[in-house]
Amino acid sequence: MSKEIKFNEETLALVHKMMARYPEGKHKSALLPILHIAQAEFDGWLSPATMDYVASILKIQSIEVYEVASFYSMYNLKPVGKCLLEVCRTSSCWVRGAEDVVKHLEKRLGIKEGETTADGMFTIKTVECLGSCGSAPLLQCGASYHENLTFEKVDALIETYRAEGKRKSYTDLDYKNTL
Amino acid sequence: MGKKLLLEHINVPGIETLEVYRQKGGYASVEKALKTMTPNDVVEEVKKSGLRGRGGAGFPTGMKWSFLFKPEGVERYLVCNADESEPGTFKDRFLMEHIPHSLIEGMITSSFALGAKTSYIYIRGEYFYVARILEKAIDEAYAAGLLGKNILGTDFSHDCYVQVGAGAYICGEETALLESLEGKRGNPRIKPPFPAIAGLYGCPTVVNNVETIATVCPIINMGGEEYAKIGIGRSTGTKLISASGHINKPGTYEIELGLPVEEFIYSEEYCGGIINGNKLKAVVAGGSSVPVLPAHLILKTEKGEPRLMSYESLSEGGFVSGSMLGSGGFIVYDETTSIVKNLYTFARFYHHESCGQCSPCREGTGWMEKILHRIVEGHGKPSDIDLLWDIQRKIEGNTICPLGDAAAWPVASAIRHFRAEFEEYINHPEKIKDIKHYYSVHQLAGA
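Quick note, the sequences are listed as chains A and Z, same order.
With positions in the first sequence counted from 1, the corresponding number in the working numbering is that position plus 909.
With positions in the second sequence counted from 1, the corresponding number in the working numbering is that position plus 2.
Each hint should be verified, as a subset may be incorrect.
With the C-beta cut set under 7 Å, the calculated list includes, among others, these residues of chain Z facing chain A [what the hints assert, rightly or not]:
id : residue
1  : VAL22
2  : TYR144
3  : GLU184
4  : MET224
5  : ASN344
In silico lysine-lysine, DSBU-like type, Cα no more than 30 Å apart, as pairs [as the list claims (entries may be wrong)]:
id : chain 1 : residue 1 : chain 2 : residue 2
6  : Z       : LYS50     : Z       : LYS231
7  : A       : LYS937    : Z       : LYS34
8  : Z       : LYS119    : Z       : LYS186
9  : Z       : LYS186    : A       : LYS937
To be clear about the criterion: a stretch of chain Z counts as covered by chain A if any three or more of its residues have a C-beta under 8 Å from a C-beta of chain A, and this derived list gives those stretches [to be verified]:
id : region
10 : 75-89
11 : 257-265
12 : 327-341
13 : 402-411
In short, the hints are calculated from the structure, not lab data.
Glycine included, C-beta positions come from ideal geometry on N, C-alpha and C.
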């Protein structure tokens, strides 16, 4: 049984606070931040039911949510692992070994880029410039940037995440993790 | 040491807090502007400073501000473009992460100048943790009476909010950013009307880059004329440069405009030279969108004069032999770099980031990626180079927003300056496996 798609009272209060940041009648502006919260709350992806729920909160058509969710890279329209490992691969990262990082992750986790481990723990994703070119190569997982990667750092990161066993979300309150 | 205006206190412990920031003279521009100046005075000082937009376009900020339409009874907005997504650029993140109050201070002073009661900082979604830092700084500012009603006991009231995006390079284009801020897809708008007339929610709006807004503080503190004495010619002031690639000391540097490129690359104060003592091959000086220049043209202009870090010098020679200062995303490539493969990473980027509204960009970026992919995989055809040239030429200037141009220019410049390398890939595919593509993580860790 999948859990009910409904924010708890605390989250709902936060969502309404966000909507109040915008002028009367312009609360649709809160759509992007609310989708981030919804993704974090409901298993790391935006199912049609989740998107419909967000539409009902904002009192907008479901299609207005779908068209936004499908436009932006950070919204997952399919389930992903608890830890979505997003490896940057654009120029500055590429010249400093981003392809090595991807290959190492693939070998270490026994999956290919775009796939999820059988235990549902990790998904490897390659992404475009994350704005950390001076600390290349790097990967993002949830709110954390892991920079100046080496194979050892990647291994340690996987161990830590596996031991924690927690889902990582962009909305996590942790600051930069320089592991 | 060059002049530092934005990063002067970067190494002061606790500079991210309001307390330490104020001890170091923070929020002086708010005090000065709100208590001793009129909004127009502030605009005039910014005009006199010669400040040009630090996001990439380099448009004079004071002029942009003076275009703002001010009808009675209509809200006006200041929106900060913190969507920093241009490959090679990370200076805004550095500033916001380490000295968040410099942006908040600039938002207040600039909003006073523009008569904006509300401002939004639109930050790229990947920088979620930076958004948290900004929100914390904003909370501190409210608690200290620097935001909210009757700031510092004056008549000026202002609210500032942070809005996160969700991963889309196109939202760095100001009208796409406004669409996104309204909760829509980031599709750029057809201009005119410009945001100064009809921007956020159809109201007059100014959109400025993070660094531009933060720079308003030292301008108000020292006066526009004093600020204009820093730098060189029409490139006044200092600029944050994000340095990356094959250099010994990647990072964010504040330079006085006019610094010789050679000094920037090789001096210990800045990039510290090329890794492993290798030779310089090429530089992308202002973010991925600007033309790549080979070593001899980045160090000296075609006329043989030293190339300087300024708007004018970097564009000297036009696109035939010059480039642009752009966002200040300075990517250095050493002699081992494959220009063709590097270009492929850019082409893939632009294809991924095209919003899809305009056919030349939507289709053209896909074709360029596909052709470059087959070239780097050893399946290129002799006609591919001319085909790439033809496609980029047909994208340039034929789209609603500059993403099309941004996708075209790297392709055009790579072919212009490194055509032989493309021919090598196409004529000798058997050699591709021997072409060194990039540094491995281990080679760098040992370096």
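Hint-by-hint comparison with the structure:
Proximity of VAL22 (chain Z) to chain A is violated relative to the hint, the smallest CB-CB distance being about 18 Å (cut-off 7 Å). The interface hint given for TYR144 (chain Z) is broken, as the beta carbon of that residue sits about 13 Å from the closest beta carbon of chain A, more than 7 Å. The closest approach between the C-beta of GLU184 (chain Z) and any C-beta of chain A is roughly 6 Å, which is under the 7 Å cut-off, so the hint is satisfied. A cut of 7 Å between beta carbons decides the hint on MET224 (chain Z): the least distance to chain A is about 29 Å, and the hint is violated.
For ASN344 (chain Z), the shortest C-beta to C-beta distance to chain A is roughly 6 Å, which falls under 7 Å, so the interface hint holds. Only pairs whose Cα atoms come within 30 Å are accepted, and LYS50 (chain Z) paired with LYS231 (chain Z) is accepted, the gap being roughly 10 Å. Taking the CA atoms of LYS937 (chain A) and LYS34 (chain Z), the gap is about 37 Å. The hint is violated against a cut of 30 Å. Between LYS119 (chain Z) and LYS186 (chain Z), the direct Cα distance comes to roughly 23 Å. Compliance with the 30 Å bound is thereby established for this hinted pair.
Proximity of LYS186 (chain Z) to LYS937 (chain A) is assessed by CA-CA distance (about 8 Å); at most 30 Å being required, the pair is judged to hold. Check result for the region 75-89 of chain Z against chain A: holds, 5 residues qualifying (beta carbon to beta carbon below 8 Å, three or more required). Requiring three or more residues with a Cβ within less than 8 Å of a Cβ of chain A, the coverage given for the region 257-265 of chain Z is violated, as only 0 such residues are present. A count of 4 residues in the region 327-341 of chain Z with a Cβ less than 8 Å from any Cβ of chain A is obtained; the coverage claim is therefore met, three being the minimum.
Here's how the region 402-411 of chain Z fares: 0 of its residues keep a CB closer than 8 Å to some CB of chain A, so the rule of at least three is not met and the hint is violated.
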